[in-house]
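Trainee: Protein sequence lines, in the order shown, are assigned to chains A and B. For the record, in the first sequence the residue sitting at position 2 is 2 according to this note's numbering, with numbers rising by one throughout. For the record, in the second sequence the residue sitting at position 123 is 123 according to this note's numbering, with numbers rising by one throughout.
The reader is advised that the hints may include incorrect statements.
Identical chains blur together in the list; that is why a pair holds if it fits in one copy or across any two.
Claimed, not checked - Here are the simulated DMTMM-like cross-link-like pairs (lysine to aspartate or glutamate), alpha carbons at most 25 Å apart as the crow flies:
no., residue 1, residue 2
1, K203, D57
2, K52, E248
3, K410, D245
4, K218, E97
5, K20, D199
6, K203, E136
7, K348, E40
8, K203, E22
9, K52, D199
10, K218, D33
11, K41, D345
12, K218, E93
13, K344, D33
14, K20, E195
15, K20, D221
16, K203, D229
17, K218, E250
18, K104, E249
19, K413, E248
Keep in mind the hints are simulated off the structure, nothing from the lab.
Listed below are the residues making up each chain.
Protein chains: 2
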Amino acid sequence: MLLEDARNSVVDVADLNQLKHELNRLQPVDVGDYITQLPEKQRAIAFRLLNKSQAIDVFEYLPPEVQEELIDSLHDAQVVQLVEEMSPDDRAELFDELPAKVVKRLLQQLSTEQRQATATLLGYPEGTAGRVMTTEYVWLREGLTIGEALSKIRRQDEDKETIYYAYVTDDNRKLVRVVSLRQLLFTFPDVLIREIASDRVIKVQTETPQEEVARIMKRYDLIAIPVVDREERLVGIITIDDVIDILEEEATEDIQKLAGVSGGDDGALAPPLMTIRKRLPWLLAIMALYIGASSAIAPFQPVIASVPLLAVIMPLFSNTGGTVGVQALTVTIRGLGIGEVTPKDTLKILKKELTAGLGTALALGTTMVLLSMIWASPSERWVGVIAGMVMATNTLVAVTLGTFLPMGLKRLKLDPALISGPLVTTMLDAIGFMIFLSLISFALNVLHLQH
Amino acid sequence: MLLEDARNSVVDVADLNQLKHELNRLQPVDVGDYITQLPEKQRAIAFRLLNKSQAIDVFEYLPPEVQEELIDSLHDAQVVQLVEEMSPDDRAELFDELPAKVVKRLLQQLSTEQRQATATLLGYPEGTAGRVMTTEYVWLREGLTIGEALSKIRRQDEDKETIYYAYVTDDNRKLVRVVSLRQLLFTFPDVLIREIASDRVIKVQTETPQEEVARIMKRYDLIAIPVVDREERLVGIITIDDVIDILEEEATEDIQKLAGVSGGDDGALAPPLMTIRKRLPWLLAIMALYIGASSAIAPFQPVIASVPLLAVIMPLFSNTGGTVGVQALTVTIRGLGIGEVTPKDTLKILKKELTAGLGTALALGTTMVLLSMIWASPSERWVGVIAGMVMATNTLVAVTLGTFLPMGLKRLKLDPALISGPLVTTMLDAIGFMIFLSLISFALNVLHLQH
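Build out the structure end to end from the sequences listed, making use of the hints.
Mentor: Here it is as structure tokens:
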């Protein structure tokens, strides 16, 4: 509601002067959204209405493709100023998207300090702490007093991403302590930093995966975390706003992979070709798996011909078993994702899933038998009994697969979400059908249950 | 790794004195985890080793059932002290879980101030800003100077959840401005608060749903947000650590509902009965739906008897169509969940999904036809052609359902995740089978394609 109002209040303004006034008064992220949804040609016009500091703030909130567009249509001097003022982590993200030629040109025009900061970040692999950190943080020497520290913080420019923690380094720039601004404010100015700063510093390495950084910050309720290199030297910090984005991205990826959508870029508004590229491979994989499964099912065609009721029962069978598997799979993958469980808990979870599965198996098997009383003619009711038994078995197989597969992948240090829901469903189909059709065939040929 | 080390270092300690030393030195959350995983009888013993301030911090990190256990086994005076020192939002959460009798007893023993704070929070419905906010925040009167404000902040006790923003109220306690500690530090002490504090305050109402609070804080990169009542009076703040938990819970709920697991409490380690209660209803619902579908499919049994190949093709058919539907459903529900799209975008998304769906339909239909060349005898190849056509149609139906259903629910202000994956799969099965079997039957009886 709040956001809607903000956007509408912009859109309704006819007069250019008033628009200018509004655009400079609103929150940067709202102005960013407004500019993004304008027709391409009007974006640069609207952007030029912003005063310098607002322009810098808004620019960071634009999506990379709009940033690129503006870079093309603004004067070089303006562009350099914008890029120079971006925080190093946002700049690295933009440079990732821009054509190499443009990046090279921009890098040459940046100040030495900012050029080095950007080059450093771009040197770390994607998805690591080094890549998402910012180099703008507050650091203090151990020997300072609180009073000196506070005036040093006051003198540093306002650009630092957060001043709420200050990091204390020794003479070799090694990170040794951390102190919160809160502690600094609550202590007498002549006390030495080292007397109040804590030496229990929670930190990460440049190569720590970003998901792990997010987990640690969430666990310890931190609003910023320091990043050190292999020599324990302080090289950057990661702030809470980036962590929220990381956690959301991670959840989106888990959700999408479970549904058989690979990668994390298939947003609801992604271009159709991207969507096809993310989804079709899974669909074709499922079909390929069925070639295998079908060559095992095909020989049973005569069985199906003599008991056509099977074709009515099998889909129900398949869908319920698949759902049981996907339920267990989803709960396990999410549990791994939020760090609630680790591969060490495999047996514990399996025990729980099998206990719950046993109850479910009984309920589903019984329902199946009862249902087949509705569907089947009296002479075919034995099919329902077999179906009920296999459905119960299938339920237990389903929870076992749904738990074991992601746990196994995690133990092998692979992404547990590599096992998507459709994959589990397909496996369960193949296993269930095989058991079911074999039993039916056995009943027909050996027990002579049908006529 | 960091966490593992911390835990192991505790567990390995044999000597009680050293254990005491370790427990008082470690991060409260790690100590909380250590105590939680102890056998029930040892928990109170370990907890008693903590000094007062560590005990207070650790207590907040314990799960409600362990908190309850400790409340039972500690002296009343100790319990009251612990509960008195908890932050009001954590206390409200604990009281939610405790038996009413215990809550009543504890409330009576709290200080008036804390009792009122808790009663206020418990008065708001679950899942609203009022319920998750804390009443411990920094507020200032408009007329103060920066210097006066800073010494007021210094004088307030250290309990405030965050001192990084101070909220400025008028004489009626109405929230009028906000100022960051950063701004206070960077300005001369004799400047008046009202000259630097911003009047563009981003705030929420007590009844704002917690998910919306989380979205707003994420959007504007806030580390705290003020909560006002209907008269615009400041009543509390919500801090970023709570928001991260809300976002994660919300993602977990979306993921689980998509897989057909209702509610949000079915963690990987939930008790089996809870698991059954969360999952079985969906499974039975699916079976119930199939009763409807099957009565429509059952009449086709003679068709299946004469073309048993159908029973081999139908599962493939069903699984692929279902997957396509779940892919579209998942991307749409997640898009709604993270606020990337709103019901207004329905047509835009549908257009995109149908464009992508057309490509997918062609690819899948063609593959189906080719596959049936492998499976089918020459005289049955026409079945493959029909299967390919229906598969293509089914793909388009699938993306339409996967997009429309959650969008429609959202427009009706219902939870879009009410439509789970299994539900969509079941619908698609019913629709697909019906079309397929009707066409096959038409081909057999009217076109006489078989023999």
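Trainee: Give me the numbers of the hints this structure contradicts, sorted from smallest to largest.
Mentor: Violated: hints 2 and 18.
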